[in-house]
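Chemist: Taken in order, these protein sequences are the chains called C and L. Last residue of the first sequence: 175 (numbering that gives the first Met the number 0), numbering continuous. Last residue of the second sequence: 348 (numbering that gives the first Met the number 0), numbering continuous.
Don't take each hint at face value.
Unchecked claim - One-sided and incomplete, this derived list gives chain L residues near chain C with beta-carbon spacing under 8 Å:
#, residue
1, Leu5
2, Ala12
3, Val24
4, Ala30
5, Val220
6, Gln224
7, Ile225
8, Val259
9, Val261
10, Ser346
It should be emphasised that the hints constitute simulated quantities derived from the structure, not laboratory data. Cβ coordinates follow ideal geometry from the N, Cα and C atoms, glycine included.
So you can see what is in the structure, the chains are spelled out below.
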Amino acid sequence: MHTLTLTRPLIQTATPLTFADAAEQHLDDVFGYLLYLTRDRTLAEDLASETFEKALRKWSRFDPRRGSARTWLLALARSTALDWFRAESRRHRREQAVAQPEAQEAEFVEGLSPELQSALATLSAGEREVLALRIVIELDGDQTARVLGISPTAVSTRLSRALHKLEEKVRNDDLR
Amino acid sequence: MTSAELITELQAARPAADGALRDRVRTIAAAEPARAPSPFARLSRFSPRRFALVAVPATAVVLLGVAGVAGLLDSGSPQQSVIAARESVGGTVTSPSDAQRSAAPQLKAGAVASDAATPAPTTGRAQRFSAQLTLSVKDVDALSDATQQALRITRDLGGYLVTVSYATSDTGVSSLTLKVPTANVQDAIVRLSGLGKIESQQVQIDDLQGQVDELTKRETVLREQIARLSARLTATDLDAETRATLEARRDAARSELTKVRVTRAQVNAEARYATIQLTLQTPQSAVVPPVPSRFDNAIDRAVEILAVEAMVVLYTLVIAGPILLLALLAWLGRRGLRRRQDEHLLSIP
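Could you build all of it, start to finish, from the sequences and the hints given here?
Modeler: So, in structure tokens, the structure goes:
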């Protein structure tokens, strides 16, 4: 006698996800990702807020068959953050002669050891974002690749490099 | 600290949004409009790539459909096609019902019709009668039989054969020039018409009676003139010069009389025998190219329309292609530049 195990229900009876539900479920992920990317809590909050405003405007275009709401919101958060980085880069270029770069928070994530905080601060934004997506938010390789717009192999390489660098920095701090 | 320990620590200190941010986001989410299931909302989900994947085959199907429907509508009725095809061959135009009758053995009916329609020579008057008759027979064997019968009919009616030309291959044509006594020409045409289906018939009658009357009158005048001249020449008191003049005039009159008699005999002979130019041939349908069916016409028309559509598409591509290519290159360039900028921005600690 054969036993048939269903990994998915035969009939999808779930009600469509509302924007409010998606926002409630994935706010921490979006905020965490932006915090790691910017190393600035206030800025991360502003960008998260802006991300959800954009997401609300584009919600009708969201197609659950093409990806989860989580990856869609994270990709939108990344695009929002990059827009901000670009604008900030232009502003810095304009004001380079008169303004000093803003100092970023030394401890941007609560609960992390000071060594790890300072080691994270030495990583590039690109390295921190892959750590955030793969380790903190725990996306899988394919989902991370989709958010970053690169291949899963490139995600793997970036993650390995970032972890190695982070480990090295922490070790060096310990030795001091 | 190992990588595993780092990961554990990072995961343990997972950041969470504070209450203020959560409230801000809830306020934003509260502005969500009720999602009405509109068809445009579904369409807006299509990415340009997905749209192209649907639009390109759909356009091709529409173009094919337009060509097919237009082809069917423009293909015309089969009757029109038959007539057009026969006209294009240059033969006698026959309606489809005539074409059907030719296949049926109704040769006698055709002959009777010919009898009624053929103008007859007027009895008692000299007339030149010539007829051209084109008949179709069903095949080459029938052509041979009909040719033999035509010769037999001609002989039976007191006529004779002037020329004959007989040629066959897949189709066959037999051309005969026949002389038949004018008195029997009506009978001859009726009987000859029975040898096949009349494709064409032409009769020409030239009245020669006036010419005969003129020649007869002239002959009488000349004969009287010769008689008068002969009577004067019998006189003995004529001088030599006058005699010579009269004799010359009489010789000229006699010579002219001879010519007049010959001409009158020729005219009478022409009037006595009618000339019938008989052409027997295998059916025209054997020569006519096969008449295309409505389906063939529809296919041809659809192919024509497709060719026009392809030309329009080609012209559009030729004209818009470089612009589209430049736009694509500009878009790819901008995207590449943006990626490089992003990488640069993300490489900063």
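Chemist: Each of the hints needs a verdict: does it hold here or not?
Modeler: Against the structure, the hints:
Because the closest C-beta pair between Leu5 (chain L) and chain C is about 6 Å apart, less than 8 Å, the hint holds. The interface hint given for Ala12 (chain L) is met, as the beta carbon of that residue sits about 3 Å from the closest beta carbon of chain C, less than 8 Å. A hinted interface residue such as Val24 (chain L) counts as satisfied when its beta carbon comes closer than 8 Å to some beta carbon of chain C; here the least separation is about 5 Å, so the hint holds. Checking Ala30 (chain L) against chain C: minimum C-beta separation of about 7 Å stays under 8 Å; hint holds.
With 8 Å as the threshold, the beta carbon of Val220 (chain L) stays out of range of chain C, its nearest partner Cβ sitting at about 117 Å, so the hint is violated. For Gln224 (chain L), the interface hint is violated, the least distance from its beta-carbon to any beta-carbon of chain C being 122 Å, above 8 Å. Taken as an interface hint, Ile225 (chain L) does not check out: its beta carbon lies about 124 Å from the nearest beta carbon of chain C, beyond 8 Å. With 8 Å as the threshold, the beta carbon of Val259 (chain L) stays out of range of chain C, its nearest partner Cβ sitting at about 112 Å, so the hint is violated.
At a threshold of 8 Å, the smallest CB-CB gap from Val261 (chain L) to chain C is about 110 Å, leaving the interface hint violated. Satisfaction of the interface hint for Ser346 (chain L) is found here, the shortest Cβ-Cβ separation to chain C being roughly 5 Å, below the 8 Å cut-off.
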